[in-house]
Amino acid sequence: MRNFTGQVLFLDRNDINTDEIIPAKYLTENTKDALKSHILEDLHLGGFDAGKDIAGKKIIVTKSNFGCGSSREHAVWVFEVNDINVVIAESFARIFRQNMFNCGMLAIELPREDIDAIFSLGQDTVVSVDLGKNLITAENKQGSSLSLTFSLNEFDRELVLAGGWLAYADKKY
Amino acid sequence: MGKTIAEKVFAAHLRDTPSPTNVVLNIDVVLCHEITTPIAINDLVAKNLDKVFDPDRIKAVIDHVTPAKDSKTATQGLILRDWARRHNIKDFFDIGSNGVCHALFPEKGFIRPGYTVIMGDSHTCTHGAFGAFAAGVGTTDLEVGILKGVCSFREPKTMKVTITGNLPETVFAKDVILNIIKQISVNGATDMVMEFDGPVVDQMSMESRMTLCNMAIEAGATSGICMPDRVTAEYLWPFIQDSYATIDEAAQDFKKWHSDPDAIYAKELNIDVSGLKPQITYGYKPDEVKDVAEMEGTPVDQVYIGSCTNGRIEDLRQAARILANRKIAPTVRGILSPATPGIYSQAMEEGIIKIFMNAGFCVTNPTCGACLGMSNGVLAEGEVCASTTNRNFNGRMGKGSMIHLLSPLSAAAAAIAGHITDPGKYI
Ligand code: SF4
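Chains V and Y are the protein sequences, given in the same order.
The first sequence begins at 329 in the numbering used here and counts up one residue at a time.
The second sequence begins at 541 in the numbering used here and counts up one residue at a time.
Honestly, the hints are just simulated from the structure, not real lab data.
Computed from a predicted model, the values in this text were never measured in an experiment.
A couple of the hints might just be wrong.
[Claimed, not checked] Using 27 Å as the maximum straight-line C-alpha spacing, the simulated BS3-like pairs for lysine-lysine come out as follows:
1) V/Lys360 - V/Lys386
2) Y/Lys796 - V/Lys360
3) V/Lys385 - V/Lys360
4) V/Lys360 - Y/Lys609
5) Y/Lys939 - Y/Lys609
6) V/Lys499 - Y/Lys591
7) Y/Lys795 - V/Lys500
8) Y/Lys939 - V/Lys353
[As the list claims (entries may be wrong)] Computed far set for chain Y versus chain V, every beta-carbon distance over 12 Å:
9) Gln743
10) Asp827
11) Arg931
Idealized CB from N, CA, C, for every residue including glycine.
Chain V on its own, in the form it takes in the complex (with noise of 0.2 Å):
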């Protein structure tokens, strides 16, 4: 299983798509690898800086309708690539959340109140996913932490645990 704990790369927005996680032209590439450097390349949204503000995060804090738009799994891969494993949101675009599961990563789905919570605790927050309890904690800098519990879809659960839906399904069908 992946590591699920790391600090925070919050985005601030609704309706975050695709193409502003991996832009259309990388998809001609074949290696995951190459992805690595256009994470986010194309995110409009005040003050980010893809170049600065990505380094050493490790789960993404967002609000609602992460990863809407187009079925490249490039956007997870993108993610997986840059060692990001986890992103909770408010809600997710169907298909990048099941690709999320699929890859064996998390898709988290926290309620309004939860996510600015998260938020509210600022930069270099700190957020661990223990998926055995469903208990998310956050601690930021200053010693502020919060603990919060979440529900995972039960198949959902289980590609995490299996490493994949290909693996899954490898076995099973």
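Keeping the supplied structure of chain V fixed, place chain Y with the ligand upon it in accordance with the hints.
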């Protein structure tokens, strides 16, 4: 308890229920193109799983960048081509016979009522126009589809969209779906199947129904879907005539898929189109929609007519109504990309290609090209395109450019005027 059409299709294809809210379905057709499939093929090869579940139920096309524009896109084509050959996938469409996937595959009769269809492409929802459950999926789902012929979904919730009234002369399926997305927003149908119903849909051609279903994903829907009927049977007749004595018999048989009157819907929307005006997007999200009249005078640098949304014969005919005996504005670059070779040659026979060329349009081969900003009409920074495509995301057709989505009729009017304008003026 009654069932929706999506629930009936799911029940007929149920393979497994891995959790109370998830299902694994048997898939009738797995569609492939050269952008998302090569990386799936490479991964399967690397994992020693280079097999296909059934070569007759896999269809593949090179459509996004064709002819190849550089070594990388040439390699993508090569990987798909080699794979199709080594697995004996006979329905493989390459230069000379290729076209935009969601226009080409229906034209070949591959999509039938009651089918389950997946493809590594979000606009796979287009095929729901045939009364199929058709969903866009990522690469891993595609890999499992290719290998095992199955795909997992959550149980389908359905949003019923009932379309009534009479379509005004300058208003089309494109305007209707843009208006629906405006009403329900870009995630108004997330995790739902959008079922398009009502007298307006009944009267629509298959082409128009495909336009409607094509943009269901822009409201977050898993698929669009229409009830298969006589119009569907007529369209499919060349492919199904061995199975039925008459078209009417086929249409009658298709009724078994129709939603029951007591089916349960998660959401319902009624839209009367009688007063609807031509619609256009103004921002970077497909739900940022206005009346064309509200954008009157907005200059455009390029007009693009094509794509899986509006590159079909009836779209070309509508645009040609305005373009005939007129010239596009000198400040505008007009690009027509008929969606398939079949559409292209039909348009030639009808004199439509000539009309476009006389008006000053460049006519390209069938390809996605400019729609996703990969070739054949990428925009420069600051440029504006009036486009019959389906997605206006920031940067989609070129970094720093703006796309206004609209109908082929409205696009043709913009090409003539040099700016966004009411197409009614030219009719
Ligand atoms: S025409 Fe555009 S939207 Fe349609 S399949 Fe091609 S790239 Fe995708």
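Results of checking the hints against the structure:
no., hint, result
1, V/Lys360 - V/Lys386, "holds, 17 Å"
2, Y/Lys796 - V/Lys360, "violated, 45 Å"
3, V/Lys385 - V/Lys360, "holds, 19 Å"
4, V/Lys360 - Y/Lys609, "holds, 21 Å"
5, Y/Lys939 - Y/Lys609, "holds, 18 Å"
6, V/Lys499 - Y/Lys591, "holds, 15 Å"
7, Y/Lys795 - V/Lys500, "violated, 34 Å"
8, Y/Lys939 - V/Lys353, "holds, 10 Å"
9, Gln743, "holds, 30 Å"
10, Asp827, "violated, 9 Å"
11, Arg931, "violated, 7 Å"
Going through the hint list in order, the structure does not satisfy hints 2, 7, 10 and 11.
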